[in-house]
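Asker: Take these sequences, add in the hints, and give me the full structure.
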Amino acid sequence: MKPASFDYVSASSIDQAVSVLSELGDEAKVIAGGQSLVAMMNFRLARPATLVDINRVPGLDVIDVGADSVAVGALVRHRRLELGGEVPGPLGDLLAEAGHHVGHLPIRTRGTFCGSIAHADPASEWCVLAALLDARMEATSTRGTRLIPAEEFFVTVFTTALEPDEILTAVHLPLLSENHHVGFAEFSRRAGDFAIVMAMTAIEVADGRITDARVALGGVAAQPTRSSAAEAVLVGRAPGAETFADAASAAAENVTPHGDVHGPAEYRVDLVRAMVRRSLTRALGEG
Amino acid sequence: MLVGSAVPRTEDPPLIRGRGSFVADRATGAWAVRFVRSPVASGVIRSIEFPDGALVFTAADLEGLGDIRPMLHRGDYAPVAQPLLARDRVRFAGEPLAAVVARTAYEAEDLAEQVYVDIDVEDCVVDVVSAMADGAPKVHETDLGTNIAVDARVATPGVAEAFTSAAHVVEVQVGSDRQSAFPLETRGGLAEFDPRTGRVRLTTSTQAAHVVRTAICDVLGIPERDLQVIAPDVGGGFGQKYCLAREDAVVTWLARRLERRVAWIEDRLENFTSAFHSREHQYTLRAAFSADGIMQALDADIICNVGAYSCYPVTCAVEPLMAMAEMPGPYAVREYAARARAVLTNLCPIAPYRGVSRPVITLALERLMDTAARQLGVDPVELRLRNLIDDFPHTSPTGLVYDEASYREALRSAVEAVDLPSLRQRQAELRERGRFIGVGFSTFSERTGYGTSAFAARMMDVTLGYEDVELAMDPSGNVELRIGASPHGQGLATALGQIVADRLGIELAAVRVNHGDTDRDPFGWGSFASRGMVIAGGAASLAADMLAEQVSRVAAEMLEAVPEDIVLADGAATVAGTTVSVLISEVARTASHRRDLAGGVQGLAVRTTYDPAGTFSNACHVAVVEVDPDTGAVTIERFVVVEDAGLLVNPMIVDGQIHGGVCQGIANALYESLQYDDDGNLVTASLLDYLPPTIAELPHVEIHHLVTISDATLTGAKGVGEGGTIGAPAAVLNAISDALSPWGVDVNQMPATPSRIRSLIRGRHPERNNTR
Amino acid sequence: MSSQERPVTLEVNGDPVRVFVEARKTLADTLREDCGLTGTHLGCEQGVCGACTVLIDGDPVRSCLMFAVQAEGSEIRTIEGLESADGTLHPLQQSFWDHHGLQCGFCTPGFLMLAAGVLEKDPNADEETLREALSSNLCRCTGYQNILKSVLAAAEKLRS
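Residue numbers (our numbering), protein chains in the order written: chain A, 1 to 287; chain B, 288 to 1059; chain C, 1060 to 1219.
Calculated directly from the structure, the hints in this document are not laboratory data. All of these numbers come straight from a predicted model, not from anything done at the bench. Each hint should be verified, as a subset may be incorrect.
[Said to hold, decoys possible] In silico lysine to any residue, SDA-like type, Cα no more than 20 Å apart, as pairs:
1. C/LYS1180 to A/LEU83
2. C/LYS1208 to B/LYS425
3. C/LYS1208 to B/PRO300
4. A/LYS29 to A/SER5
5. A/LYS29 to C/LYS1180
6. A/LYS29 to A/ASP7
7. C/LYS1180 to A/ARG79
8. C/LYS1180 to C/VAL1128
9. C/LYS1180 to A/HIS100
10. C/LYS1208 to B/ASP407
11. C/LYS1208 to C/ASP1181
12. C/LYS1180 to A/ALA96
13. B/LYS425 to B/TYR403
14. C/LYS1180 to A/GLN16
15. C/LYS1216 to C/GLU1186
16. C/LYS1180 to C/PRO1150
17. B/LYS425 to B/ILE332
18. C/LYS1208 to B/MET939
19. C/LYS1208 to B/ALA983
20. C/LYS1180 to A/GLY85
21. A/LYS29 to A/GLN16
22. A/LYS29 to A/ARG56
23. C/LYS1208 to B/ARG925
24. A/LYS29 to A/THR159
25. C/LYS1208 to B/PRO938
Answerer: What follows is the structure, given as structure tokens:
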């Protein structure tokens, strides 16, 4: 379990990094935290010819809070989001709560938010969050910068819409107003493992009725997905145990996951039901 | 007195300072060996190609060497041969096909990728049912002509009659998935050729250095004097490092062939695919009970998936035969019949793992007891009390002699410790609120410290059993105890030091225990089967008495007294009842340097052996769990152990063994499963899929001790290394079944994963009045 | 070209160290083979077991998931640097000894460095925080009970 040989470039600027990528295309791979990539390289499941290290690029370790959105830079580590205090409102709470569930402390210390999204594991907290909030991924190359919406970004397991010459330089997330309620629930066998199934919810309530509902699921498809069925059940109803149970059932009835070593497909459906209900309950209390 | 006190371990200082010396630590700079392994479970090797001039070795290079062919001398055993590298055909995915040698591990892995193996893939057998079916592909051509490597039966005369006249017949089917011992340090061997002597020194992560030496010398056809085997610090074994690693033999051969220093350090992927697995058992138990709940007869059908080869020296029959011999466990049943089969498949070979078959035996028996209690309408604790052995010595239907123990008392103490009545009340209250807790008991015996007489009954070619020790005092009055046991984390050196220091009246620091070096240490069978404290401890105790007598004779001569009056304590030899004394260090110097004044004592050195018949530890475990019916997740609220391991030489070490053992048992019960696909590929070959638990998943283990001093053990200590792992799965699965009693389901397969639990209860509703 | 060795300068346990390594060489292997610091162990090389945990600029990090070239200029602390210069054991080391916090000792350096990193950042970490942090690493011998006991006792001692 030793990696294959590669060339190593420690980029000192984004310009340098993207010009190397532009030259080498998919022969090169960007490394930030490396907490998934290096493990895959140790298994020789990933074997980039060149590794472009962006850890020394200035300006990427920034959380840029704007009026309606926040941009999380490519070198922002999980741990910083977990510790919180920078992103206001319910979004900050959700980042802290979900961030606490990313791997273990040493992984969170080094791994990055954007790296996790670029890795595109459909059971990753940050991928599910990106789907939940329709995040926009800022892709930078020598050709310039473009923003890719979440629903286009996550192509399939470990595959994104990033071109080989692009770097994910930031992820833009909408800030959530105070009348949003966020909830998160995931099920994993052991502390710190990737979730088998995860649910994340953001619910807006006005006058005792749900006016906007977002429900996202991880671990049920090749991409993190929104549950439009659950969202449709929720909007217009009063929050409460019955509403949540109905939404959970709707979510469960509309997923077609695959089974794996952790259980058959039916088991993931069970977990969707349980996690959606729990994330809603955590978001809104028993109602 | 040091014996009985929780003295800190003498092993620890280097380990906590980063100065431990594990095989990989000694191997830096050695040329790296990497094994090219079969990517398929079964097939015929057509060709192996590699770059010209590369250091790549295959079975063709090993021609003339022997195969590993462990033997049981019984007609129902089919011996199978394991070549050092696959020859002609491969029998499991992960089997070594070639060894490559390069300057570094990185380059060795690069080179291994350039070895092209052409294999004609053939149908494989993965599970026991298809392996036993007519026309199944044969893993080996054996004398028995099937995939069954052992098919053993035992029966007492009255079994059939007992079932016929039984008031109740209870049946359970219980099983365990395949599991890995998962030592945190993988395996590895460093072989160093000495051009001056032509010898090889093999430093290997093993539990039994002498066993490795014999095995390798046999297959390489070299005298044992030409091989020194060293077990350095070993990062856990739990059985996986007891049996011979064929890779170690190849590494030794390579050192001789290349006349250099070469090392194989197994990586974690190899450890999962190719290091011994364990525990893939399915049992059907039937029991005949009388109307008053006495078990009259027990019938067991035992089937073990043993993988593709037989492990040296204990053979692949070890799991089924142990299950057959020990199945009655702590229960006084008189009539017993069993059939035990070892089934060869195209999977990684098995070898014993902590507890060997007893975690599954205990699971089966204790699920049987709970099932019977329900069927008979008797309280499960009461049913056990009626059937536990209480008359000693007890001879089991298979002829095992149980020495004095405390089966009933342990159960009663456990019931008291958890306050069962209030637990039941809380369980009922929580159920009303949709929460499901359960309590499970596991009462069991742990056969430990058995010697040659017990192993001889297995009819192995190699009869394990005794332990030799040597004990010598140097002229400074310090002693070295050299043992054949090979501890690797159990703290045996500290505990033996406590015994020896007490007998000789010297400080613990004056005792050095040397182990794991075939050049220095007397022959021994290594550390396994909870035997270190009982057997090496007994031998050390005998040796210490012998040496104390020599010291006393020299001291008597120096003090003009008789040896019988000499008391050894506090570093001095004193004439009893007087202040006349001499320092033991002076006695030692006299014995070595002034033998003319030593009263005829020919040096302070002794050698002895101990070879007991064996002793049974016992314990009762109680698990209190909560099951989340929505997810199937199990949380262990509380775990109580009432343990009777006889005399506790070092209570801190004993408790540590119980903590670790119980947690491995819980890991086995809830988390760990090695799974293969239909083509024989291991699909749980990383730590994302094979799940040893972290601290977050494990409970605080609460321990209570009973102390039965039995004369079956010289020191009074009974073995304690495996008990935790043996007892815990049954307690956990009984507790889960109890928690799920409103659904009326039985959890009989370990691990009891959340997914399995959901499968049992999905679509069913809990019945409030279910009396189960 | 790619297997070319390149110079890397590190500060290891307070000493400047210059090594020549291939880019692909992990920090763990570099510490073990090029710095002679074999107390940092490799148990899985996939970032799960934590036996290779070292402190990089004060933070506990898996040294199997990082290349030595990436650590250029970093301050690295390994188990060999945990005791004082005069050989006095760190309170965590002493506490693991006193409370039987190890059996085979293979995972021990990783646990010690993990705990040291956590307690240096957060000396008042409570039991729950410490348990959560300790869930980062695997031990197969102890059942973790005495590891937790050792860390709690050391934390108390470090505070006083």
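Asker: Please work out if A/LYS29 and A/ASP7 have their alpha carbons no farther apart than 20 Å.
Answerer: Roughly 10 Å between the alpha carbons, so the hint for A/LYS29 and A/ASP7 holds.
Asker: With a cut-off of 20 Å on the C-alpha distance, tell me whether C/LYS1180 and A/GLN16 pass.
Answerer: Violated: C/LYS1180 and A/GLN16 sit about 35 Å apart, past 20 Å.
Asker: Are the Cα atoms of C/LYS1216 and C/GLU1186 separated by 20 Å or less?
Answerer: holds, 14 Å
Asker: Sort out whether C/VAL1128 lies within 20 Å of C/LYS1180, counting only the CA atoms.
Answerer: violated, 26 Å
Asker: Measure nothing beyond the straight line between the CA atoms of C/LYS1208 and B/MET939; if it is 20 Å or shorter, mark the hint as holding.
Answerer: The given pair, whose Cα atoms are some 13 Å apart, holds under the 20 Å limit.
Asker: Can you confirm whether the C-alpha distance between A/LYS29 and C/LYS1180 stays at or below 20 Å?
Answerer: violated, 33 Å
Asker: Is C/LYS1208 within 20 Å of B/ALA983, Cα to Cα?
Answerer: Roughly 14 Å between the alpha carbons, so the hint for C/LYS1208 and B/ALA983 holds.
Asker: Hinted pair, alpha-carbon criterion (20 Å max): C/LYS1208, B/ASP407. Please report holds or violated.
Answerer: The given pair, whose Cα atoms are some 55 Å apart, is violated under the 20 Å limit.
Asker: Check whether the Cα positions of A/LYS29 and A/GLN16 lie no farther apart than 20 Å.
Answerer: Status holds; Cα separation ~14 Å.
Asker: With the threshold set at 20 Å, check whether the alpha-carbon distance from C/LYS1180 to A/GLY85 stays at or below it.
Answerer: holds, 18 Å
Asker: Please verify whether A/LYS29 and A/ARG56 have alpha carbons no more than 20 Å apart.
Answerer: With Cα atoms ~16 Å apart, A/LYS29 and A/ARG56 stay inside 20 Å; holds.
Asker: Holds or violated: C/LYS1208 and C/ASP1181, Cα atoms, limit 20 Å.
Answerer: holds, 18 Å
Checked against the numbered hints above, the structure breaks hints 2, 5, 8, 10, 13 and 14 and satisfies the rest.
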